[in-house]
Structures are given as C-alpha cells and as structure tokens.
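Novice: Generate coordinates for the entire structure from the input sequences, incorporating the hints supplied.
Chain by chain, the residues run as shown.
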Amino acid sequence: MSAELVILINILFYLFGFSFLLYKRNQLSEQSIGLLSILINFIGVLFSMGIRLSDISGDVISYNWFYISDKLFTIDILLNDLTYLMYFLVQFIALWVQVFSLKYMQGDPSFGRYYAYLNLFILAMIGIVISGNLLMIFMFWELVGLCSYLLVGFWYEKKSATNAAMKAFLVNRIGDIGFFIGILLVYRYFGTLDVTTIVNKAQVMSAASLNSPIITTIGLLLFCGCVAKSAQLPLQVWLPDAMEGPTPVSALIHAATMVAAGIFLMARIEPILSPNTLLVMAVVGMLTMFFGACSALVQYDIKKLLAFSTISQLGLMVVGIGVGAVNTALFHLVTHAFFKAGLFLSAGAVIHHMHHEQDMRKMGNLRREIPIIYYTYTICAAALAGIPFFSGFLSKDAIVVAAFEWASRQPKQAYFIIPAVCLVVSGMSAYYMMRQVFLVFLEREDNPLELISSSAKSLYKNVAKRIEGIVNVEDDEERQQAEIRHAEEGDLLDFLSDIGPMELSSIVMAIASIGFVFALNPFSAESSWFFHTFHHEATSYQWVAYIAILVALNGVLLGYIFTKEESYRLDNEELEPRGMIAKFIFKNYYLSELYQTIFVKPLLWISPKINLFDRKIIDGAVNSVGSLTIAWASLNYWVERSIIDSFVGLVANTTAKIGSYTRQIQNGKAQTYIITIFVCLVLMMILLIIK
Amino acid sequence: MLEKLSHILFSSRVLLPDLLFGVVFLVIVAAIAFSQKLDAERTYVLFNVLIISVLISIGFVFYAFFGFYKQYFESGSVLFGQLIYLDSVSLFFKLIISIASVAVLIHVWVVGYKVVGEFYAIFMALVWGLFIMTMTTNWLMLYVSLEMVSICSYILVVFNKGKNNSEAGIKYLLFGATSSAIMLYGISLLYGMTGTLNFVGQEFATFLGQNPTWIAQIAVFMTIGGLLFKLSAVPFHSWTPDVYEATPTPIVAFLSIAPKAAVVLVLIRLFSSLSIDFRMIMAIIIMASITIGNLSALWQTNTKRMLGYSTIAHAGFMLVGLLATNTIGVQSTIFYIATYLFITLAAFLLIDLLALKTESYELESLRGLGQENIFLGLAAVIIMIALVGLPPTVGFTGKLLLFTALWESYQTSGSNMLLIVLIFGLLNTAISIFYYIKIPYFMIFKEPKIGVRYYQIGFIRKGFLLIFLFFIIYLFMRPSGLINLIESLKLA
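Heads up: the sequence lines are chains A and B, in that order.
Position 271, counted from 1, in the first sequence is what the numbering used here calls 271; the numbers after and before it change by one each time, with no gaps.
Position 164, counted from 1, in the second sequence is what the numbering used here calls 1164; the numbers after and before it change by one each time, with no gaps.
Fair warning: there could be bad hints in the mix.
Here are the in silico distance ranges between beta carbons for each label pair [stated by the list, open to error]:
id	chain 1	residue 1	chain 2	residue 2	range
1	B	Glu1364	A	Tyr67	24 to 30 Å
2	A	Lys71	B	Glu1364	52 to 58 Å
3	B	Ile1433	A	Asp619	30 to 36 Å
Quick caveat, the hints were computed from the structure, so don't treat them as lab data.
All C-beta atoms, glycine included, are put in the ideal place defined by N, C-alpha and C.
Specialist: Set out below in structure tokens:
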C-alpha cells in the first residue's frame, strides 16, 4: 500500500469513528464505545509505524481540487520526516489518552459524545500534520479549534465551562484572522499555497529580498496564528481557562498536540521567516516563557499550574525557532508532549482520586494512597524540571545551547538576555514542579506548635495503648506479627493490582519521559536519535549543561524549602495569594480583565447604539424606499388592472367564448366538431387561392 | 428475382430487433388468451412478467442497434424496396420514444394502476407503430404506421370502460377517422401529381414543383392533416382536452410526447425535400395553436384538461423550428422535443402523485398540498417553470434555441411573417405563466381546507420524480452533451 492510501484509509477510519459514535452515542454501552474508539486509534498507530517502513520520504502527492478561473487549487499531502514524527506522536498520545479516559470518564452521561469528539480531533490534527498547502492547514487548523471548543465546553451545564470554551474560540479567532491574511499575502507574493514550493522559493532568495518588509509582514502574520494557538504572550489568556474541560482532554489537546500545532506550523514554513520575524519571535517567546513561569509559581489549582507551565514551555519552543534552531524546538515539542501528557494524566488520576477536587492545598500525603501515580508524576515532573537522565533535560539543554550560540553571533551583548532568561525559567520550572510534588504527594508537616500538641496526643495514645497491651499481651502481638507478614508478602502484588487504565497510561508516558528513550548518553542531546533524523549542528558548550543542571537542582532545593515553609501558613479558604505582586501574577497579569475593559466593554457599550442607529436610520431609509416602491407598484398595479388586464381580459374572454362554443359542440354534437375541420380547410384554400 | 430475395433477407436481418416487437406482441396475446382468470396475486405476477418482457424487448432493440447494426444507419440504409429508411435520426427518435414508453410503464407501476394484461399487448403494438413511423419515407408505410398508432390509441383511451372514456373515445375515433380520410385524399392527390410514393426523393420534389403552387400547397396541407391530428395542432386539436381529461394519466403522458415526436420527425423529413413555399400555412398553424392552447388553458379548473391545452400550445412551439427552415431550426426542434420529454412526463407524474392524495384532478383540491409535502411543492414549482420556459430549467434552453433559430432565419430572409410568429411566441410565453403558476400557487400559498396534515410519498415515487427533476435542471446547466449528440445526427 502506498503511504497516501494508508493515510487516507486512516483518516476515513477516524471519520467513521466520529460519525458512528456521534450517531449511536446513546445506544452503545460504554465498553463498546471505548473498545471501538481505541481499536480505531490502535490501528492508526500501527499504520503510522508501517508508513515509516514504506520509506517514501520528502514526497508531495497532489490531487486537483478545484479551479477559480484558471487558478488551480490542489489537495497536497506532504510526506517527510516531520510528518511521520507528528503523525505517530499525535496518535500514540491520543491512544493512551483514550485508554485513560475509559476510567476517568466512566459513568459520564455523555460518554459517547466525548469519544466522538476525540475521534474528530485526531482526524483534524492528522489533517494539519499531513497537509502540504497552507489552505488545507488553515482548514484543519479551524477544525482543531472547533474540537477544542467542543471539548473545553464538554460539560456545558457548567457556566464556567461554556464561558471558557467561548473565550478559547474567540481568542483563537483573533490570531486566525492574522494567519488568514498571512496566507492571502503568501498567495499574492509567491503565487501558490504549496508549502514545498514556497519553501524552495524562499531558500533561493537573496538575503536582501528575504529582509524585505513584505516577507517580514507575511512571517509576522503567520506567526499570529501561532501566537493564538500556542498561547503566546498577548493571547495566552485562553489556555488557563481551557482547563475547564475534562483532564484527559487537557492532556491531549492543551498540552501535547493542538497547542504545539503553532510550533509545527512555524517549523514547516521556517525558511520564509525573515531575520526580523525571528527576532520578534524570540522576544515574544522569551516574554511568554518568563511570565508563564511566574504565574505558575503561585497557583493553587493543580491543572492551572500545569497550564501556565505549558505556556512557559511553548514559549521556550518559540525561542528555539526564533534563534534559528528549529529542530531543537521540535525535539522539545516531542519530549514536552510526552512528559506534559504524563503530568496531566497523573494529575487527572489525582483529581479522580480526590473526587474532582483540584485545589492542591486540600491534597497532601497522596504518596501513600496512590504510589504508582506518585512515581509517574515525579518522573514527568523531573523531566519538566530539567533534571539529568530525563528527557526534558536533553531538549531544554539543546535549546539553551542554541540560544547561547545565537547570542554570541549577534552584534550586541544585550542579546545574551534571551539564553539567560531561558536558564532562569528552567530554574523556575524546577521550583514550581517541586512545589507541586510537595503539596500534592509528600507528607505535609504541620505548624511546629500543632506538631508539639499532636505529638503529645499521640504519645498519650501510645501510652494508653501500652497499658492496654499489657492487659492482653498475646492477642496483640499475634496480630501485629500477622500484619507485618502480610505487609511483606503483599507489597509487590498490591502494587501491581493497583494498575488500572489510568495508571497504565501514566506509566507509559513516564517511561517515554526518561532520557534513555531519546539518547543513550543522557548528558548529550547531540547523540539522540532525534538529531540523527533531524539534523542539528551545534558546537557543544559543556558549561551550559553544567549550569543548567545546577540551576535545576537549585530550583528543586529552593522549591522544597520554600514550599515547606509555605505549607505552614496555607489557608484553604483564601481565593488569592496575599501581596500585590503575587496577586498580580496569580491573576495572569490581569490580561483578561484588561481585554475585558479595552475590547469587550466598549463593544458592549457601543453595540446597542449601533443597533439603534441601524434600526432607526438605515432601516428607516430602507423602509421609506420600500414604501416608495409599494406606491409605485400600486400605481403600476392600477395601470395593469385597468389597461393591460382589460386588454388581456378582452382577448381571453373572446377565446373563452370560442371555448364555450367548442364545449357546446362537445356536448354531443361530434359532427359540428368535424365540420370545423372542413371549414378550416376551405378557409385555408380560399386564403391560398386569393394570395 | 434472386436479387430481390436477398434484399428482403438482408432487410429482415437488419430489422430483426423490430420484428422482436411482433414476437413479444404475439407472446403476450397468447399468454393472456390461454391463461384462465387468475386470482389477484397470480395476476399480479403475470403483470410483472409482462412488464419485464416489454422492457426487455425495448432494451434489446437498442442493444442490437447500437452494437451490431451501426454500419447500416451511419449513412442511412434503404430497406424493403423503398419502404423503410433507417438512419441515425430515426434511431435518436426511437430512443426518445423508448424512454417515454419505459417511463410510462414505470409510471403505471409506481402509481399503482390496475391494468389488464391486454394493455401491454396494445401498448407494445403502439410503440411498434411509432418505431415504424420514425423510419419511413414512404406515403403508404407512413399511412399504415399512423393507423397502427391511431387504432392502438383509440383502444387505450377507452380502456377504463367508463362513460366518459367511451364518449372521449368515440370522439377521438370519429375525429381520427376524418383526419385520416383527409390525409389519404391528400396522399392520393400527391401521388397523382408526382407519381411516386417516396416523399424524400428528388423525383418527388421535381414533379411537385411543376404544379401550380396553391394546388400543391393544398394537397400537402391535406396530407399533413393526419399528422397534425396526432400532434394535436390547430385545427385538428379539438379532441385533445376531452381525451386528456377522461383517459388514465400514464397513457395521456405517453400521447403527449411519443406520437408527437414521431410525427415531427416525419414533418422534418417532408419539409427538407419540399420544393414549395409552405411557410405561411405553417405560420398560421403555429400562431393558432399557441394562442388557442394558451388562452383556453387560462380558464381551466381541471389540471389534466389544463395540461391538455398546454400540449396544444407546445405542439405549436415544436413546429417553430421547422418554420425557420434552416439546420439550426431543425436541431433546436429536436432539442426541444428531447427536453419536453422529461418535462411533460414529470408534469403528468406530478399531477398523478397529487391525485393519489386528493383523488381529484381539480385545481381547487390542491390547496395547501405543498405545505403538507414540501418536496411535491418544490417539484411543482420546478416543473411548471420548465413548462413556462424560465430559467433555471431546460424549458428555457429549449425555447431560447427555438427563438434564436427563428430570429436568425428572420435576419437572413427578412420575412415579416417570421417576426410576427416570434413576437406571438414570446407574448404567449408570458401569458402562459398565469395558468402554469396556478398549480404551485394553490399548493403553496393557499391554506388547506382542514388544517395542515403532513403527507408522505413513498421512496420509489419520490425517487422516480427526482430523476425527471434532475434532468430538467441538469440539462439546463450542461446542455452541451445533448446538443453535441443532436449536432452529430446526419439530417437528410
């Protein structure tokens, strides 16, 4: 089978899954829905692995689609390594998210609808990945936006969920407008929308023409799409709110795949980005990364913290593209997809365990209750924090190195601020991950005062027990021994029997976050298989790696110390942290409120006025034109009635009279009827003779 | 002698598919004659078998012609002496007739008419007669085939055995007999003048031209009387409304297209070799047909009767292309007939489907039916617009081509008569809007008498009507295929 056929069949499977599940969502049982959906996804994963073997690389397959006058629009499927990578990644993560959802969404009345949407999303995401022209990318881009809207607002009974969905949708529209204008400009300038052709044209351009304002404008406009979809600085407000959706959805859409689509798009069209555009991207990415990390520092909501961390990491990827190291950004995209999905899935398991409580202040000590999740979470968090031996270290390090290299090539020292901020953010991410692990899983110590009182209590209890124990020694000892024996035997068995769908998915993601999966030498990203496929030239800065390790470990340490200190004074009832700056950061810099005041409120104020204007003046004009037309029409009507109709009536009446005459004949006198013919015949003869 | 025998054998071989009709006719008659009066269920089976056999035989004719006998009609072949003349044009008209007959049989089945077995035998003979009419250039053969068609039509009209049927049938018969007599008289005159029975030969043209014009004109006019009767053109039209009102709808639908198509082909052949100026008589016939048809239809309250008058008007339009006396005119006439096929069949099917609900063909009974079934409402709009000849339906394309051909002919000849006919045609098209639109108007804008009760029609009925609607719209969008086909026909 050729590769495009495989992809087509795969897409059709998802389409079938979507329509069938949506149609039968209320008839099928949860088991059969889950089984069908996972089966489709599993086949997809198999297909995606099979494609790699067929080894047709760098191919563009075009089908004619439609003409506008003589301009041909095509359906292009672009098959290169990037396509294969994303094609596999999306489906692999989706598979485990679907497995996870089996347990997480159990008992939900809209189980079938959920799986149907997931199928649609995978279809759309694959569509983006395989599209070879910008128009198709845009269409699938909008389709994933729609899926995001549907899934964020999945529990539409909740007002907050629908609001969040609406916000995500509208904010994305803003970026998409820029993106679409960018596409139109590309068509204007390059005369085609085919990505390969555009890239080839851009590669042979001279530096001067690449620096021209139009190319920069195009690059910035296309970047607009990335800004909205990948939650970059001015438009990142939608992502934290999008956490209203089910947690597996957050893992799939808002951490691993859809938000990375912006990065993917930038990587696809990288050659047409001018140096100025790249600089803008680097700066935007840096700011996003920094502000996102700041916000993550003070969150209480387990998912919101992860959302801000996603924003921050996406910022890091944009920096990677901005400094010209596209493949490092892609590498980080891949590692991030695994460990962030793992974090979200583990967080989902925690939330499930806590009966949909998301406030980290109300958690704690979960290490004992759900040990498997604790381990997976810690591994993924370590990967995010950039601890060596985990995947995040490799990719982060590669980006930071690339940034240093880039900065050293620039004319001014000021450019070193970007790699510096990368390092700082790396430390911050270690801090907030440590904080989260501490708050959620580790035993929390109480205030020293309470500690003393409680230890006094337990001492008293122990003493009481002892005294009791002395009274009946034998029983107690026996029981204790039995308990010990049981604990020794059952540990491993208990551990294994705890593994359900949720744990399984988390474990898979955690394994994928370990550094050895990507590179045998866990300190050197250059040796990874990824950079063998996606070529990346880098001079090795060993000291950068050491600094990064140092910063990360410091972050972990600081996080432990500060969180321990913080945990003494946690107030469960408080909605916001105390202190101006903390509140400012917590609220995501009041960006949403700012947009509300600047854009939404004036709109709401002016729209009734415009409505009034429309009704009174424009409608009034239209209505008066209408009345004039009616007056003219009634005049016409009168003319028609009195003059034309009377003429028609005259003619018609004459015919009607003839008609009634023939009718009379037909009422029994067939002979008259025949005579008519002869009369006509004779009349005709006379006519011909006189002529 | 041997030469003649081999010619006869050759001719019979070429006409083998047509002879099949005779065989099927005999088989059907035998099957009916020797089967006892059966109970209802088995009768039903018998009918199905008959339908299938008829369909197969019609299909076989075309299979045979397209597949095996291509070489014989490419350039036109003369068979059985000069009795039969077979060429691609006759094949095209056979196609039209076959589509009409198949559609009518499906119409009978879809709407659920209870017909006796003899119906199929008579129908078979009727189609056979029409086929012969499309491939003759001989007066005698023409007369025989015309009588074959007429006699079968008389029988089909009275098949219901109702009082109205008998009245309509007897009028039809008397009228037909008279027309036939006139035609025979005309033929004898022409034979006297020219001494030949073949009306497309050079001989005929030369000898006819030697006579005084007015005598020749009268003879030709009398001769085409029988044809005009089939075409229901003025002054041989009076039978139409009565017969249409009383006869079962599928048969009417068939009479409204198939015999007319065959007759128009005969007229095309006749006029192509006519050496006298016959345009004035044609112009009078056309104007009278269009005007009387349209103006009488204005006051009708019965849909079938209204469509009867409408066919009179359409007969006039069909002749317009012949009046233009150029190749484009003939081609647009053929186009008009080919498209009118779908329109008229759809129109009669529509009123039959409506009558299933209302059990009446009165206009008044259609109130609000379009609200009760929006599909039928839309179908009515499309079909009636097509009958008027407005876009986006093929009715518009057909009329446009006809009037364009007429205009071109007027430009070259400068004859005022053509201009008058053109203006008359346009005016009448405008007038015809009033009565055609009445049907959708009643269906959609008038409230039903007893509230809106949703009315479903079955899938097969809907699908069958949809096929016609598809062609009505599709041929408007893409007429080029049909036009190319018609242009490829070799007009004698």
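Novice: Quick check on a hinted range of 52 to 58 Å for Lys71(A) and Glu1364(B), using CB atoms only.
Specialist: 55 Å, holds
Novice: So the hint says 30 to 36 Å: do the beta-carbon atoms of Ile1433(B) and Asp619(A) match that?
Specialist: 33 Å, holds
Novice: Does the Cβ-Cβ separation between Glu1364(B) and Tyr67(A) fall within 24 to 30 Å?
Specialist: 51 Å, violated
When the structure is compared with the earlier hints, a violation turns up for hint 1 alone.
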